Amino acid sequence: MSETAEDYRQYLDPRVLARIGSLELRARLIVEGLMTGSHRSPYQGVSVEFAQHRPYAIGDDIRHVDWKVLAKTDRVYLKQYRQETNLQLVCVVDASESMAYGSNNGPLTTNHGPSWTKFDHATSIAASLAYLAIQQQDSVGLAVFDNELRRYLKASNSPTQWKQIVQELTQQPRVRKTQMGRILQQLAEKLTHRSLVLIVSDFFDDLESIEKAFRLMRYRRHELIVMQVLDPAEIEFPFEQVTMFKGLEEAGELLTEPRALREAYLQQLKLATDRLRQMCRSIDADFEIINSGVSLEATLGNFLAQRAARMK
Amino acid sequence: MLQPLAMFLSPGFLVAGLVLAAAPIIIHLLNRRRYRIVPWAAIEYLLAAIRKNRRRLQFESWLLLAVRCAALLLLGLALSRPMGCTNTSLAALGQRAGLDVFIIDNSYSMGYQHPRGVANTHLDQAKLIARTLISRMESGSEGVAIVIAASPARAIIAQPTYDLTGATSTIDAISQTAAATDLAGALRLAEKIASQNAALPNKHLYIFSDSTRSALENTQAADIQTLSRQLGNTYSITYFTLGLRSQRNIAISGLHSNEPLVTTKFAGQFLTTVLGFNTQGSAKLQWKLDGRLLASTQSGSSAEGIKAVLDNVAITTGGPHVLSVAADGDDPLPIDNVAYRVISAAGQMKVLLVEGDRGSTPMSGSASFLNVALAPGLAAGKSAESYVQPTLISDLQLPGEVLSDYRAIVLANVPTIDAREADALKQYVSTGGTLLLFMGEQVNAENYNQMLLSRGLLPGALQRRMNAPADSPFHFDFHPNGALDPLLAFLANQPRSGLETAEISSYWQVSLPTNSKAERVLDYTARDKGSGGKAAREGNSSLSADPAIILNTLGEGRVLFFSTTADAQWTTLPAKPVYVPLMHELLRGSIVADDLWMNLNVGDSLSLPNRIKLTASPTLQSPSGNLIPMQLTGNPATYQSAPLQTPGIYHLNTGHDVYPIAVNPPEEEADVRTESPAALRAIFGDAKIDFESDQPPPVTAATDQGKDFGWIAMLVVLGLFGAECLMAMKFGHYKR
Chain C
328 MSETAEDYRQ YLDPRVLARI GSLELRARLI VEGLMTGSHR SPYQGVSVEF
378 AQHRPYAIGD DIRHVDWKVL AKTDRVYLKQ YRQETNLQLV CVVDASESMA
428 YGSNNGPLTT NHGPSWTKFD HATSIAASLA YLAIQQQDSV GLAVFDNELR
478 RYLKASNSPT QWKQIVQELT QQPRVRKTQM GRILQQLAEK LTHRSLVLIV
528 SDFFDDLESI EKAFRLMRYR RHELIVMQVL DPAEIEFPFE QVTMFKGLEE
578 AGELLTEPRA LREAYLQQLK LATDRLRQMC RSIDADFEII NSGVSLEATL
628 GNFLAQRAAR MK
Chain P
198 MLQPLAMFLS PGFLVAGLVL AAAPIIIHLL NRRRYRIVPW AAIEYLLAAI
248 RKNRRRLQFE SWLLLAVRCA ALLLLGLALS RPMGCTNTSL AALGQRAGLD
298 VFIIDNSYSM GYQHPRGVAN THLDQAKLIA RTLISRMESG SEGVAIVIAA
348 SPARAIIAQP TYDLTGATST IDAISQTAAA TDLAGALRLA EKIASQNAAL
398 PNKHLYIFSD STRSALENTQ AADIQTLSRQ LGNTYSITYF TLGLRSQRNI
448 AISGLHSNEP LVTTKFAGQF LTTVLGFNTQ GSAKLQWKLD GRLLASTQSG
498 SSAEGIKAVL DNVAITTGGP HVLSVAADGD DPLPIDNVAY RVISAAGQMK
548 VLLVEGDRGS TPMSGSASFL NVALAPGLAA GKSAESYVQP TLISDLQLPG
598 EVLSDYRAIV LANVPTIDAR EADALKQYVS TGGTLLLFMG EQVNAENYNQ
648 MLLSRGLLPG ALQRRMNAPA DSPFHFDFHP NGALDPLLAF LANQPRSGLE
698 TAEISSYWQV SLPTNSKAER VLDYTARDKG SGGKAAREGN SSLSADPAII
748 LNTLGEGRVL FFSTTADAQW TTLPAKPVYV PLMHELLRGS IVADDLWMNL
798 NVGDSLSLPN RIKLTASPTL QSPSGNLIPM QLTGNPATYQ SAPLQTPGIY
848 HLNTGHDVYP IAVNPPEEEA DVRTESPAAL RAIFGDAKID FESDQPPPVT
898 AATDQGKDFG WIAMLVVLGL FGAECLMAMK FGHYKR
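So the protein sequences, as listed, match chains C and P.
The first sequence begins at 328 in the numbering used here and counts up one residue at a time.
The second sequence begins at 198 in the numbering used here and counts up one residue at a time.
Taking lysine-lysine pairs in the DSS-like style, the calculated list, with each CA pair at most 25 Å apart, reads:
(1) C/504 / C/573
(2) P/481 / P/504
(3) C/597 / P/927
(4) P/249 / C/573
(5) C/597 / P/249
Computed spacing ranges between beta-carbons, pair by pair:
(6) P/228 / C/539: 40 to 48 Å
(7) P/230 / C/504: 26 to 34 Å
(8) P/927 / C/504: 31 to 39 Å
(9) P/249 / C/513: 28 to 36 Å
(10) P/249 / C/388: 48 to 56 Å
(11) C/616 / P/249: 16 to 24 Å
(12) C/634 / P/228: 44 to 52 Å
(13) P/228 / C/504: 30 to 38 Å
(14) P/927 / C/484: 54 to 62 Å
For the record, the hints were derived by calculation from the structure and aren't laboratory data.
Every value quoted in this text rests on a predicted model; they were computed, and no experiment measured them.
Beta carbons: idealized from backbone N, C-alpha and C, even for Gly.
Excised from the complex, chain C in its bound form (with noise of 0.2 Å):
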């Protein structure tokens, strides 16, 4: 791997993406960090409109290997093309306040710097992935929740759309508490052409409602790419003292010896996992639960990796 894509790499991680107050340089690095570091986008396909060479490695398929080029250099490139779609990607932002938890500073770290939460890692997935889809002249649109619908923004290839998305992710408050599956119906209501809907959330709420939700979509003919983001702390529970948990969104407290009580709490977790996976498996929907400790690289090329295995 070239020195360059290393370089890319060490921005991916979620404590130096912290440290960069810009979200728009944030998916900026990220989607440049993805594509030096796989040299193959996985939106690109067989199209009229020639993009770029680019050196063959091992695996690409033959068909793409530009012969002619081969013939004269003696060097094997493959011929890349703009693909045209009509594809209308809209980022479903969870933005309440129990997406505004983050461990960075807490027990999974010393790093006494800013805090990484999840909603930071939802928006960087966002706008990442806008971002991608914006230079494959995709359309994209933005939704951004709590307890309301706080703000849509309808998709658009435009090239000033990406930065409207930025700025609304950047400026959403997270204070209040969700209710999701009320906001989605809204939004399928919305959305008039057939979308790639990314519902990028934590999905601490009423499992009943979201999956009625999912499924009116479904029946709206949307794809659904739902991204379940959890803080390292919340997957491991790794408290040892007794602690007061105080629950975020208005949902009391607890004090107890975590010790004793981790096992049975991860099995609640790992209870309402299954049965989000099991929902959207029902609706023939992607499901990817995002770890907002592991590095974005990992989570996001793993997830276009699997997508575009799945187009095939």
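We have chain C; now place chain P onto it with these hints.
Chain P alone, transformed into the frame defined by chain C:
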């Protein structure tokens, strides 16, 4: 039944355990008060987990808390060493704990030969029983201490050991001694061990002795009785009697010369005592001098002792000689069948005569008279006929003399003694020398009182000079047919010796202190009442009779005080026939035999007198040829050995000479007759003692009472700690 607190060896640990048991509860409560606050998004899942597992979590929490409290409480209980559980099946779980003290008599009477299987002597059998008892003990819970009772008693394991193998080895290593029994000392040591280990329960005292009269009916009897009663309250005592009812023994003891001074000029007479206990008939004695057989005699024997005498033993050379007497015959205790005596025969006894009459001519001074009297031929320039070898000097020459070269020093009419001379004389007498003081015109009484009296060289202060009227001289209060001092015994029944008719014109009156231990050899007749000499010799100083000759002891030596002159100046005694023999007998009788230090009993240390010349570091060789170290001790420093434990002839090499040293077994141990059971109970003050025979007692079920449950409790504690670890891990209280 044990008292509540006595049920625990260390009750303090139990209290500590009770306090510690509260620690987990306190920590739990403190933790509930001191917690961290964490904002938490997934609170719904936590609440759901709590709702679903509340009862289980509470149960686990209480169970863990209870286990932790119980573990700490039981730890305190285990360390407090709980005792008890009388006659319950639970007692089988406990270990027998306690202190077992063994007193093993290894005095020489325990060497009595009486084969019992592999054991040949009483001591062998005692060791066998002790080993058997130790083999029945429980390793790690019963401490063993061992005391040996041969005089002086000593604890060979004073601090109880739990190494039973080591204790058995220590018993195996106990050796037969030739010493007497010190049972009182051994009991005292057992009492000390008990007091130092007061916390240990189940104290058991095992005493192994042959119960001989010599061991029990002696000066320690009262102590034995008192100590036994005291120990009966502390220990449960078992007494093993190894001795037989019909033990017999022949012993030779008390071998000595009939004369205080053995010389090469006169044949000597030697005596010994033949002791026989439970024996019939006579003993055949073999007398040997320096290993050479002198004579064989027959002698009867009895428990009280029968004197055996050997006359006309001529010792022709001066110096130390070894005389021995051995009894032949079959005796189960042969160690005391031979007695040794080192005799220092005087070949030429050097006497220093110090003349106080300045410018005197032969036969004109006191010392000159004595010179002639003690060595008549020598004074006349002829060959020596006497064993006495006098040296006549002026008092001015006294400071230049080495006093230790002489067996006796005579100060005759010496005017004054300075402090340095007085110190030298005191040192000389204290270390075994003999000083004879004769008065005269020159004597300065004030100087004598100041220099000699304060150093113990005068029996009393010189009060005043007594002068008799010319027509009424003083006389010695001497009655040849009456009671005589041993020094004058040679004049018994000799009415014309001249001593009673000798006239004394003048003498120095001596004031004897009321508590004086000085021996009044001869007095003057009382002048006022004419009381008899016998009354005067009874030592009542209130009588008017003044002492004429006084014998006093100072240290190891003697001082003979003669209150008048040795010449004819104040008395007509020199003209009497008795004069020469009297001077000889006074000298011979006051001389201290210089062989006492060479005759010791087992257990005594050899202390080398300072008068013995050394040209090298002294070495002492035992009868078996081993070298025994001699060390400088005391002030003034003298060479001394460790207590000598083996009877026989030792050899001391001073570089200049080799001296034989005789070591005999203590004669008081010879009486091997054993006490009856009733007498034994009385001797031990009717203390609670289980008397056993000479065989190991049968194995009996160990008493349940006083068993130690500390180890059991400790095992439970370990189990609880293990359970706590497993539960805490299972309940998710430890990091995985």
